[in-house]
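Participant: Next come the chains, spelled out residue by residue.
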Amino acid sequence: MELSIIFLPLIASIISGFFGRYIGDRNSEIVTSALVSISSLLSIYVLYQVIVNQYEENIVIATWISSGSLDVNWSMLIDPLSAVMLVVVTSVSALVHIYSIGYMSHDPHKPRFMAYLSLFTFAMLMLVTSDNFIQLFFGWEGVGLCSYFLIGFWFKKESANAAAIKAFVVNRVGDFGFALGIFLVFYLFGTVNYDEVFQQIPTVVDKNLSFLGFEVKAIDLVCLLLFIGAMGKSAQILLHTWLPDAMEGPTPVSALIHAATMVTAGVFLVVRCSPIYEFSPVILNLITVVGMTTAFFAATVALVQTDIKKIIAYSTCSQLGYMFFAAGVGAYNVAMFHLFTHAFFKALLFLGSGSVIHAFKDEQNINNMGGVWRKLPYTYALMIIGTLALTGFPFLSGFYSKDAIIEFAYLKGNTTGYYAAGIGIVTAFLTSVYSWRLIFKTFHGEYNNKEVKIEETHESPLVMLVPLFLLSIGAIFAGVLFKDLFIGHGGENYFWSESIKFLEPLSTDHPPTWFLLLTPSLVILSIPIAYYLFVKNKELPNEIASMNKPLYNFLVNKWYFDELYEVIFIKSLKKLGTFLWKVCDGTIIDGFGPDGISSFIKKCSIKANKFQSGFIYQYAFVMLLGFSALLTFLIVK
Amino acid sequence: MSFPILSSLILLPTIGALFLFFTKDKDGNNSTAKYVALFTSIVNFLISIYLWIYFDQSVSNFQFVEDRTWIEGFINYKVGVDGISILFIILTTFITPLCIISVNNSVKNRLRDFLIAILIMESFMIGVFCALDLVVFYLFFEAGLIPMFLIIGIWGGPKRVYSAFKFFLYTLLGSVLMLVAIISIYWISGTTDVVKLYEIGIDAKYQNLLWLAFFSSFAVKTPMWPVHTWLPDAHVEAPTAGSVLLAAILLKMAGYGFIRFSLGLFPVASEVFTPLIYTLSVIAIIFTSLIALMQEDMKKLIAYSSVAHMGFVTLGIFTLQQQGIEGSIIQMISHGLVSAALFLCVGVVYDRMHSRMINSYGGIVAIIPKYSILFMLFTLAALGLPGTSGFIGEFLILMGAFKDNFLVAVLASLGVILGAAYMLWLYKRVIFGKLVNEDLKQMLDLNKSEYLILTCLAIPTLFFGFYPDPLINTIEVSVSDLINMHNINLASK
Chain Z
207 MELSIIFLPL IASIISGFFG RYIGDRNSEI VTSALVSISS LLSIYVLYQV IVNQYEENIV
267 IATWISSGSL DVNWSMLIDP LSAVMLVVVT SVSALVHIYS IGYMSHDPHK PRFMAYLSLF
327 TFAMLMLVTS DNFIQLFFGW EGVGLCSYFL IGFWFKKESA NAAAIKAFVV NRVGDFGFAL
387 GIFLVFYLFG TVNYDEVFQQ IPTVVDKNLS FLGFEVKAID LVCLLLFIGA MGKSAQILLH
447 TWLPDAMEGP TPVSALIHAA TMVTAGVFLV VRCSPIYEFS PVILNLITVV GMTTAFFAAT
507 VALVQTDIKK IIAYSTCSQL GYMFFAAGVG AYNVAMFHLF THAFFKALLF LGSGSVIHAF
567 KDEQNINNMG GVWRKLPYTY ALMIIGTLAL TGFPFLSGFY SKDAIIEFAY LKGNTTGYYA
627 AGIGIVTAFL TSVYSWRLIF KTFHGEYNNK EVKIEETHES PLVMLVPLFL LSIGAIFAGV
687 LFKDLFIGHG GENYFWSESI KFLEPLSTDH PPTWFLLLTP SLVILSIPIA YYLFVKNKEL
747 PNEIASMNKP LYNFLVNKWY FDELYEVIFI KSLKKLGTFL WKVCDGTIID GFGPDGISSF
807 IKKCSIKANK FQSGFIYQYA FVMLLGFSAL LTFLIVK
Chain W
22 MSFPILSSLI LLPTIGALFL FFTKDKDGNN STAKYVALFT SIVNFLISIY LWIYFDQSVS
82 NFQFVEDRTW IEGFINYKVG VDGISILFII LTTFITPLCI ISVNNSVKNR LRDFLIAILI
142 MESFMIGVFC ALDLVVFYLF FEAGLIPMFL IIGIWGGPKR VYSAFKFFLY TLLGSVLMLV
202 AIISIYWISG TTDVVKLYEI GIDAKYQNLL WLAFFSSFAV KTPMWPVHTW LPDAHVEAPT
262 AGSVLLAAIL LKMAGYGFIR FSLGLFPVAS EVFTPLIYTL SVIAIIFTSL IALMQEDMKK
322 LIAYSSVAHM GFVTLGIFTL QQQGIEGSII QMISHGLVSA ALFLCVGVVY DRMHSRMINS
382 YGGIVAIIPK YSILFMLFTL AALGLPGTSG FIGEFLILMG AFKDNFLVAV LASLGVILGA
442 AYMLWLYKRV IFGKLVNEDL KQMLDLNKSE YLILTCLAIP TLFFGFYPDP LINTIEVSVS
502 DLINMHNINL ASK
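Just so you know, the protein sequences line up as chains Z and W, in that order.
Take any residue in the first sequence, note its place counting from 1, add 206, and you have its number in our numbering.
Take any residue in the second sequence, note its place counting from 1, add 21, and you have its number in our numbering.
Think of the hints as simulated: they come from the structure by calculation, not from any bench.
Among these hints, one or two may not hold up.
Said to hold, decoys possible - To give an idea of the chain W side of the interface with chain Z (calculated C-beta under 8 Å), a few residues:
hint: 1; residue: 131
hint: 2; residue: 133
hint: 3; residue: 209
hint: 4; residue: 296
hint: 5; residue: 315
hint: 6; residue: 343
hint: 7; residue: 344
hint: 8; residue: 423
hint: 9; residue: 457
hint: 10; residue: 479
hint: 11; residue: 481
hint: 12; residue: 489
hint: 13; residue: 491
All values derive from a computational prediction rather than experimental measurement.
All residues carry an ideal CB built from backbone N, CA and C; glycine is no exception.
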């Protein structure tokens, strides 16, 4: 039964991908949605078993690679951590499948789209249920591949193709670190299976390695390399540039892959490896710093973007930053909790924005929207729920998870902890402002679209609204219902059992009351501020922007990361490539090698030809010269 | 002595070729000639599968050995297979029939002679992979040049003569030194029998020079940087079937040679020159990947990517780790399948549009969907995506390299990023985007034979990606024995 959770999506993908043409669009939609839905029901059942009966199992499916001392299996590991991920992945995926039936209704390539979605689900499940690093890597690359396919789904769009390649290649940069991390794990432990690696950790804690001339602690290096992989997949600062561009893909894709599931794989990796990370405080601090920088950076950029999907993409980037700094301060379970709640409200926001885009006939710029909340009442209401949950409005899901992150950062009690908590609070405020900006500009104010008349905008069909509605239930209640289970103080790491490891139990203290009240009050306060700025006094934001032109440009251009990379990597590598080709291979190697030698020989033979001129007096002269030279030599001797 | 199965493998294609040579078609369209060639090569493939089934994987000895006196007291005709060579033999017998099926699309004139060249070539290749005497090996190794030279020189593109000579001179130059080395081995050890040489070993003081002589030949054939520049030219000018044979099999002779002779006969020197190999491999991986990025000719791009992939192979072999060497062998098999398929993919569009330039294509996914899917699969295999055979090879090599030398593994891993970049960029420019040229609309999707060939290559690419056990089990014992022998030799010297 457990295996069918993984393989039903694969079967769905094969049916839709290879036989979609024969069974028709509608049937492939039904088949894929049904199979993935069954898989999600089974996952919920498995999670229930894990919660109630502490069910854990490692099912070995087949051997994959066994070379020398390396033994890798295809396997399905069920423990609390993977059970939670199973539920997140399959349930969001099932809802996105259903939603896509409505959203993609005008697209000519429906079976292909559904096949990619199901294939993605399969790869993601392989990733989360792996019991070793290499199957994890398989899923890791598999989701990257599906993401590549889906971002470039509209293959005629030049920008979509470019974004797809960018996503894949930037991820490969992360994978470069990740793969080296796996090699190092194998080097240190002689195995890549989690349980064997985790058992041996105490034996390598004090081991040092000399790496590229530096003397480093082996365990720090493992953690760092694995984290580089996580940064790529989870779009953390420096390797984040692909995520906003990935919004070129259809919106359901953004909801599933670039919000709820794939991008959280990096967080999952760090949490899965908590037994290793616990021994590397240096890298944990680094993770905190990277996480909070990303959270802050992405929030500032989101403030000024005008593309509805890019705003949410930066918001995702920012929330992933929160998850990382939760993991960085050692609160892995809180990171997982935020991952869990985030999946619901962010998928809700993305699918809601898809509904808006659908209503405006593929318009994505929020400056060309506005004033339609009466026309799209359900979408409006559901988006508000999503926004409240995201901003951490009291008693919705984001409130429990995000505030918990900030609390644990504070309770960490060291400089990084306080610093992270501070940035976390500021970012929470920014998050709230840009989220409400999105809502107000999209739904309130005057109607600004010139292409589509307001009468033509319409509410989405039921097949799109029902998934939204289900997600909104998750966005409201996921926090309050699962709070005790995921981050409960009482039972000391009870639910997670062995899957998350803490060297020292998390602090059970409570931060001061003023601190607890700070974030929620800022979040509530931001609503009227945003309302004033973006509905009442619309000139003010423009004035602020024109007063701080350099800062504004800096934010609009996303801190100039893309431009910087273009110069540093893309242009210079292309130049280097051309140089190596034309100059090294062409002029030097061929010039001195085969071409040079052959022309040299040709020249020599032309010279040699001249000796045979056929004139007797020339030959006689040379003979005379030779004879006299010989004679001289003999006489002198 | 039991039935000489290896000799029949070697001889059968030659017999087919002779048959073609002495017969004539009545109608003159050479269709019977093609069936004869196809039949011969398929029978050969079946024999090699039989060989694989009856091969005992649990021992490292050479099996199916035949030993006949050729020149009394000097050269014996000795052939045999172990786990390593058997895979290359199967690769050869598997690729050849596919080449023969593919020719009717690309070769227009003198088809009969072309088929003869391919069959003769198959004989020589199989000979290379099962020769157990240095002289026999040398003869097969060099003889393989001739049909390839003819294939490029007669059926090639406009610059075929330049390319053919460049190919010939480069490879010959390296080989001359190898011949000298083989002769000196005979004077030093009194035999050219590989098995005996394994036992008695070669005096350490001669090893460095001998290693270098063999290296000069293998490095050209691999090809390693900086003696790789013949490969792009040869590929560009060669007809599709020629490119396939060249990439899939001819390049593997050198990798095989490194394992069988450089490691096996000269353990001390191999240890000494490992840094050299590492340096050249890493340069090959990074430099040629960057060059591949900038190519405008599809065949040149794939040719340069071959150099990068073979860089991984040489790197893996000299790690002297179980994972590294096994990875190299799997990478060679995988590259044999994938590069063959990629060259065939280029051939498919070339036959229709007569252009190899990337910019004359674009936006053809909707016009030729079947082709696009298969081309995508091979693109992914070439960039080493998990689930394809390319991943297993590359990953094992890097794993082995990491055990031996951090820096080399780190640098080589950079090639993995670049590999993704140039392959995906190639695919995007050819297949996706807006339709650049109205003529492209007339393109037909894969015909039956093309579909058959590419599917035949796709199946093992995927199968061994998910389940490489049949490959690994075949080589496991031979490789571990090779490493043990190497270590013992090293310790005793």
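Participant: Now tell me if each hint is right for this structure.
Facilitator: Right, here's what the structure says about each hint:
no., hint, verdict
1, 131, "violated (28 Å)"
2, 133, "violated (32 Å)"
3, 209, "violated (31 Å)"
4, 296, "violated (16 Å)"
5, 315, "holds (4 Å)"
6, 343, "holds (3 Å)"
7, 344, "holds (5 Å)"
8, 423, "holds (4 Å)"
9, 457, "violated (12 Å)"
10, 479, "violated (13 Å)"
11, 481, "violated (16 Å)"
12, 489, "holds (6 Å)"
13, 491, "violated (12 Å)"
In this structure, the hints that do not hold are numbers 1, 2, 3, 4, 9, 10, 11, 13, in rising order.
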